[in-house]
Structure formats: C-alpha cells, structure tokens
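Student: All residue numbers in the sequence shown are consecutive under our numbering, ending with 144.
Keep in mind the hints are simulated off the structure, nothing from the lab.
No experiment lies behind these values; they were computed from the predicted model shown.
A couple of the hints might just be wrong.
Said to hold, decoys possible - Label-pair restraints from in silico Cβ distances:
| id | residue 1 | residue 2 | range |
| --- | --- | --- | --- |
| 1 | 132 | 93 | 25 to 33 angstroms |
| 2 | 30 | 105 | 24 to 32 angstroms |
| 3 | 132 | 1 | 28 to 36 angstroms |
| 4 | 36 | 10 | 34 to 42 angstroms |
| 5 | 105 | 128 | 45 to 53 angstroms |
| 6 | 141 | 68 | 13 to 21 angstroms |
| 7 | 14 | 109 | 43 to 51 angstroms |
| 8 | 132 | 100 | 17 to 25 angstroms |
| 9 | 139 | 35 | 54 to 62 angstroms |
| 10 | 118 | 98 | 13 to 21 angstroms |
What the hints assert, rightly or not - Derived DMTMM-like pairs: lysine to aspartate or glutamate, alpha-carbon spacing no greater than 20 angstroms straight-line:
| id | residue 1 | residue 2 |
| --- | --- | --- |
| 11 | 104 | 119 |
| 12 | 121 | 75 |
| 13 | 121 | 83 |
We treat Cβ as the ideally placed atom computed from N, Cα and C, and that holds for glycine.
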Amino acid sequence: MADIQVRRIEPGAIDSEQAARAVQRIKAYLQRNPDEQTIRVQAEIGGEEALVLPRQAVSLLAYILSQAAAGRGVSVMPSHAELTTQQAADLLNVSRPYLIGLLESGTIPFKLVGRHRRVRWDDLMDYKRETEAQGRAAADELADLGQELGI
-6 MADIQVRRIE
4 PGAIDSEQAA
14 RAVQRIKAYL
24 QRNPDEQTIR
34 VQAEIGGEEA
44 LVLPRQAVSL
54 LAYILSQAAA
64 GRGVSVMPSH
74 AELTTQQAAD
84 LLNVSRPYLI
94 GLLESGTIPF
104 KLVGRHRRVR
114 WDDLMDYKRE
124 TEAQGRAAAD
134 ELADLGQELG
144 I
C-alpha cells in the first residue's frame, strides 16, 4: 500500500468564490465543445505552450472545484488502492467486525498481507453499488405492494 497516495483537500483550503468561477468556466467550455476529447488550456497571459488535458480529467477537476466551491473537502484515491479493514468499514459506514464477516463469507474479495486483510477500492465500490441496487429494488417492491394494498 506504500505506492498508493490518497490526495485530500480539506474543507475551506480552496477559495470557494474562485472555485465557483473556475467550475462555471469549465462547464461552459465543456458544453460548448461536447465532442472534444482533449482540452487545450492556454495561459491567460499567453506565450506559453498550451496544456493538453483529457476530457475526463477536466470533468474530474470540475467536480473537485464544485465541491470546493460548496466548502466541502475532497479526497482522490486510485481505483486499485488497497484499504485496511478499518478504512473499508468506515467507507461503508459499518463496523469493522461486520466488514470482516463480509470478507470471510466471500461477499467482498480481499487478500492477506502477512496477517492483515486488504480490500481493493474497486471491490468495495462494487459491493456498495450492488447493495444500493438491492436496496432500491426492495424499496420499489414495497412501494408496489403498498399500491396493490391501497396503503
């Protein structure tokens, strides 16, 4: 896990007005150029070579800036990151023993590093998406049942 760097911007670390202006400009540009997959960023003063960025990176930057404009912090983590059981439990908002039960039952894949379990970010997010989809399906089923019963 030593090669994986999580980058965090604390709430309030970026000027919210400046972030709001920047995100408005980025979103306007992306809307005006919907088919452009690379974005050329020119310095406002000029004279320097343009910075060329992939569209997805610019969209991610716009999201980060929108969160900063709202006064929220942001963390960026590589999708292949391996988390400790405590980090994974915190992300799922469950207890560590409950998470370990999910790991040991095979519900979420993990690997052992020495005696310590590590959970890949991708696997954790797959589990989270699946459980959220199951929850929505159950809520829809209950709503349908309520309609049938006239509740």
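Student: If a hint holds in the structure, say so; if it doesn't, say that too.
Tutor: To see whether the hints hold, each was checked on the structure:
| no. | hint | result |
| --- | --- | --- |
| 1 | 132 with 93: 25 to 33 angstroms | holds, 28 angstroms |
| 2 | 30 with 105: 24 to 32 angstroms | violated, 41 angstroms |
| 3 | 132 with 1: 28 to 36 angstroms | holds, 33 angstroms |
| 4 | 36 with 10: 34 to 42 angstroms | violated, 21 angstroms |
| 5 | 105 with 128: 45 to 53 angstroms | violated, 30 angstroms |
| 6 | 141 with 68: 13 to 21 angstroms | violated, 44 angstroms |
| 7 | 14 with 109: 43 to 51 angstroms | holds, 45 angstroms |
| 8 | 132 with 100: 17 to 25 angstroms | holds, 21 angstroms |
| 9 | 139 with 35: 54 to 62 angstroms | holds, 57 angstroms |
| 10 | 118 with 98: 13 to 21 angstroms | holds, 19 angstroms |
| 11 | 104 with 119 | holds, 16 angstroms |
| 12 | 121 with 75 | holds, 16 angstroms |
| 13 | 121 with 83 | holds, 12 angstroms |
The structure shown violates the earlier hints numbered 2, 4, 5 and 6.
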